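Peer 1: First to last, the protein sequences are chains X and P. One point on numbering: in our numbering, the residue at position 2 of the first sequence is 2, and numbering is uninterrupted. One point on numbering: in our numbering, the residue at position 122 of the second sequence is 122, and numbering is uninterrupted.
Because the hints were derived from the structure by calculation, they are not lab data. The model shown is predicted, which means the values in this text are computed figures rather than measured ones. Among the hints, a few may not be true.
What the hints assert, rightly or not - Stretches of chain P that chain X covers, calculated by requiring three or more beta carbons in the stretch to come under 8 Å of a beta carbon on chain X: (1) 71-78; (2) 81-88; (3) 102-110.
Note that CB positions come from ideal geometry on N, CA and C, so glycine has one too.
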Amino acid sequence: MGGTELLQFVLAGLKNGSIYALVALGFTLIYAATGVINFAQGEFYMLGGMLSVWAYADLGLPLPLAGLVGVAATAAVGGVFELGAIRQRKDGDPLALIVITVGGSMVLSSMARHLFGPNERPLPLFSGGGSVSVFGAVLEVQTIWILGLTALAVVGLWYLYNRTGLGRAMRACAVNRDAARIVGIDTRLMVTVSFLLAAALGALAGLAVTPLTQTAFDVGPTVGIKGFAAAILGGLGNPIAAVVGGLVLGMLESVSIAFISSTYKDAIALIVLLAVLFMRPQGILGRSSREKV
Amino acid sequence: MSSEPRTVLSVEGLHAGYGHVAVVRGIDMRVAEGELVTLIGANGAGKSTLLKALVGLVPPSAGTVRFLGEDITRMRPERAVRAGLALVPEGRMLFGPMSVEENLELGAQVTDRTQTVGSLERVFDLFPVLAERRSQTAATLSGGEQQMLAVARALMARPRLLLLDEPSLGLAPKVIKEIFGALRKLKDEGLTILLVEQDARLALKHSDRGYVMRTGSIALAGDAADLLEDDDVRLIYLGAWRGEGESS
Ligand SMILES: Nc1ncnc2c1ncn2[C@@H]1O[C@H](COP(=O)(O)OP(=O)(O)O)[C@@H](O)[C@H]1O
Ligand SMILES: [Mg+2]
Numbered sequence: 001m002g003g004t005e006l007l008q009f010v011l012a013g014l015k016n017g018s019i020y021a022l023v024a025l026g027f028t029l030i031y032a033a034t035g036v037i038n039f040a041q042g043e044f045y046m047l048g049g050m051l052s053v054w055a056y057a058d059l060g061l062p063l064p065l066a067g068l069v070g071v072a073a074t075a076a077v078g079g080v081f082e083l084g085a086i087r088q089r090k091d092g093d094p095l096a097l098i099v100i101t102v103g104g105s106m107v108l109s110s111m112a113r114h115l116f117g118p119n120e121r122p123l124p125l126f127s128g129g130g131s132v133s134v135f136g137a138v139l140e141v142q143t144i145w146i147l148g149l150t151a152l153a154v155v156g157l158w159y160l161y162n163r164t165g166l167g168r169a170m171r172a173c174a175v176n177r178d179a180a181r182i183v184g185i186d187t188r189l190m191v192t193v194s195f196l197l198a199a200a201l202g203a204l205a206g207l208a209v210t211p212l213t214q215t216a217f218d219v220g221p222t223v224g225i226k227g228f229a230a231a232i233l234g235g236l237g238n239p240i241a242a243v244v245g246g247l248v249l250g251m252l253e254s255v256s257i258a259f260i261s262s263t264y265k266d267a268i269a270l271i272v273l274l275a276v277l278f279m280r281p282q283g284i285l286g287r288s289s290r291e292k293v
Numbered sequence: 001m002s003s004e005p006r007t008v009l010s011v012e013g014l015h016a017g018y019g020h021v022a023v024v025r026g027i028d029m030r031v032a033e034g035e036l037v038t039l040i041g042a043n044g045a046g047k048s049t050l051l052k053a054l055v056g057l058v059p060p061s062a063g064t065v066r067f068l069g070e071d072i073t074r075m076r077p078e079r080a081v082r083a084g085l086a087l088v089p090e091g092r093m094l095f096g097p098m099s100v101e102e103n104l105e106l107g108a109q110v111t112d113r114t115q116t117v118g119s120l121e122r123v124f125d126l127f128p129v130l131a132e133r134r135s136q137t138a139a140t141l142s143g144g145e146q147q148m149l150a151v152a153r154a155l156m157a158r159p160r161l162l163l164l165d166e167p168s169l170g171l172a173p174k175v176i177k178e179i180f181g182a183l184r185k186l187k188d189e190g191l192t193i194l195l196v197e198q199d200a201r202l203a204l205k206h207s208d209r210g211y212v213m214r215t216g217s218i219a220l221a222g223d224a225a226d227l228l229e230d231d232d233v234r235l236i237y238l239g240a241w242r243g244e245g246e247s248s
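So that you can see chain P by itself, here it is in the shape it has in the complex (with noise of 0.2 Å):
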């Protein structure tokens, strides 16, 4: 008997962009329940836009979407979220001048309010430093505490499919083994979570599948484990990375 797992997302031929430029130019791809898959590519191929437009945030204007079975194509971000897509944005779009646990009611807002001191406590086991930094101003926290809350906001509204874009950006090691380590945990609690990711081992090596983008559509696609090994991969993502990564 066979047990395809089901798919939560399928993305069928999208294209989307910024006005008359046409940033994504058909994109497929696949994201199955309980799997982590990322999303490597150079600055500027378009993985942001991509996640944006999977949301909503840039409408589509062409190809499709499935949610779960259901087509989310141009539906709006409020709409999405509650559909179960939780996006943490690049660049994290915290509520500076709210409190942490403001931003997490914020990100709750969407699910039942019987739902949320259970959240709560779920994230703040995830993360406990933001128990601590419950009443301060996001603004206030260090960059790994915000990345954080990021990740933990989005988790408030009980995804189904979390994404996440860059989540380890301008992060000490330290903090981005910490971030990861609380995405394994995510994964192995059967959350479906698709990341964009600019340190490409690192994330392959996190990952089940991973996608290469480039300028806009899906240049390479396989295992984590394939794609660690693959020549082209190696030579400009993970050296790219490995030369950046000895700098600093």
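Extracted from the complex, chain X is given alone in its bound form (with noise of 0.2 Å):
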């Protein structure tokens, strides 16, 4: 295989890590939050394609602030899930808060279906359908708005973590919920608005990629999976993390298509799962433990 084709390998593994790593930061800030895995994260995903597409064909909106509104539409549900059913659950038992996100990814793929139909449908590329040629390699603009959206994306959220008092507040639940509270951070409060957060990044994901793949109601679990899987190989603890195991599982598949078969691309992110629960034997979907000190 020369220099060319493997750059075009890698370019293709980026532009999917960064997907799979928008929607595991979802994953991640949730878990930071809650302790639970938020099973409808790839519903997120979904929705922020398919919202947008809504804004765009059925409202007429131009594609800028159609996009704007695909992504604001989803923080909204992910915020009202949170509200009206997470919070619900007062004593936040892990496994119940798991199975409400389960019901929640399905009532929200069924929702989905039952408005729009269950067609695939398309979005225009955000800027054409030029590339650009980097060495000799491919490189489509739309790949370029997902990595630049990607990017922007993990900036801001950096920025808000480390730099607003909001951010800092989220950390300090993250640390320790009992030790938040009895400074004053309403918990509740942060756990809202990591499913703000979370729907919003998965939303600009689906919405990012849309253009190249259409979308569909059905489209979130495998997204979920990979993104969970990404989540997973970070270790769930840091959004940055987060962000190199989408870029590793992307590269991961990149590399299995390459060398392998493309057949076993969606494989690789289970392979990944089963591998780091062989070497996280205690669990990966409720907090064991908390962290003290």
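Take the two lone chains and join them into the complex the hints point to.
Peer 2: Printed below as a string of structure tokens:
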């Protein structure tokens, strides 16, 4: 295999990897705030694309505005889901919450099917179908959009986490919820905020990809699993690790296509999941013990 | 003219527990302005649960908690700290990966921003070592420094009542002395303090009054000096303490 061909796989890996990274960030944020895996995360990805298509094609909004509406509306769905379902489970029992997110995921995809139909729906490329050549490899302009939006989201999230009072409160909540409460942090609000953010991040991924892949009511679970695997690969602990996990998973998939066969691409995420499970036998679904100190 | 000090905390018939297990069973107690009151009792008596119930970390199932005249029973902890109740919890519960300064700033987030600098000066004055360690993460501090940080973080909220849960646990005598010295100073400045301690002798020596808790209720209450002389207290709590103290 030549260098150009290899570079082509690297670019594809980065593109998919940034999508997984955004979804993985959502898993990590919600895990930090609640200690549970949000199995509805993939549906936020689906809704981001679907609601943008709805705003563009059905409402007739210009594309940038439609994208904004799609992401904002999905964030709102995330917030409402938290307020209406997650928060109602007063004791915060992790297993119960996980079941709620699984149920929520089914409800969201059925609703999308009911409202927007069973068919795939397209969205135009953000700025036409052009491409640039990078050392001979083809880089589509839409891929540049995906990479750019991901980078923007990661920087924004980093800033929020490390440079704002809200971010500090979210980090405190992740370290020790009771400690956060006794210093005056409204931990329920932090949970709501994390759902809003996670939904927005997932939606951004769905929005950015839809021009390349189209979207449908049932695209959530596959991407959900991959984002989950990426988050697990990053250790579920911190946002940076989630991004790295996403990029690594994207690369692994690319490498497997390059050297094995594209047939196995989708199995990579599962293999990663299993591998991490074997190395982390205490389980990955709920936080087994809280960090003291 | 009588000048009865104002009641800061009054607890009546308080019950609290975990699930269906009642751990705190009918507690009555009162803390007046400026007092340092100690609560002693064997391991598992329910002292920590009582403090958690006061700040709302464990919701009371019955009874009332009044703080500065206001009914705060079942108030959520994030609101209780705004009302003026700050807890130094068992096990310190610091934000380990964050710096000393960030821990303190988190403690101050219920106060007006303009007060933060003054509060920082105050706690650095009380515990100078924290100023030296301000950019270190809390997890890298020694046990004594962590306890100081836990007290300092609570003080950053400018509380009217400071609740402390076993601040001497696991610390060297020299550090314990420093922490009690700080509590003394705070009391002299007029702060009201409710202290849970396993080192009953040390705590009672510094206190105005004391309560003895046994399996979820108050078994004995009185002036600290009287409790230090009480035969039961000497036998059960002071004796046990002395035995442990000598072996360490
Ligand atoms: N989080 C909890 N869940 C269930 N039971 C608890 C919990 N914390 C404490 N307990 C139980 O409540 C009782 C009193 O504990 P605690 O309030 O910590 O006592 P103390 O502080 O006096 O040692 C003990 O029997 C303990 O096992
Ligand atoms: Mg205790």
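Peer 1: If any of the earlier hints don't hold here, list their numbers in rising order.
Peer 2: Per hint list: zero violations.
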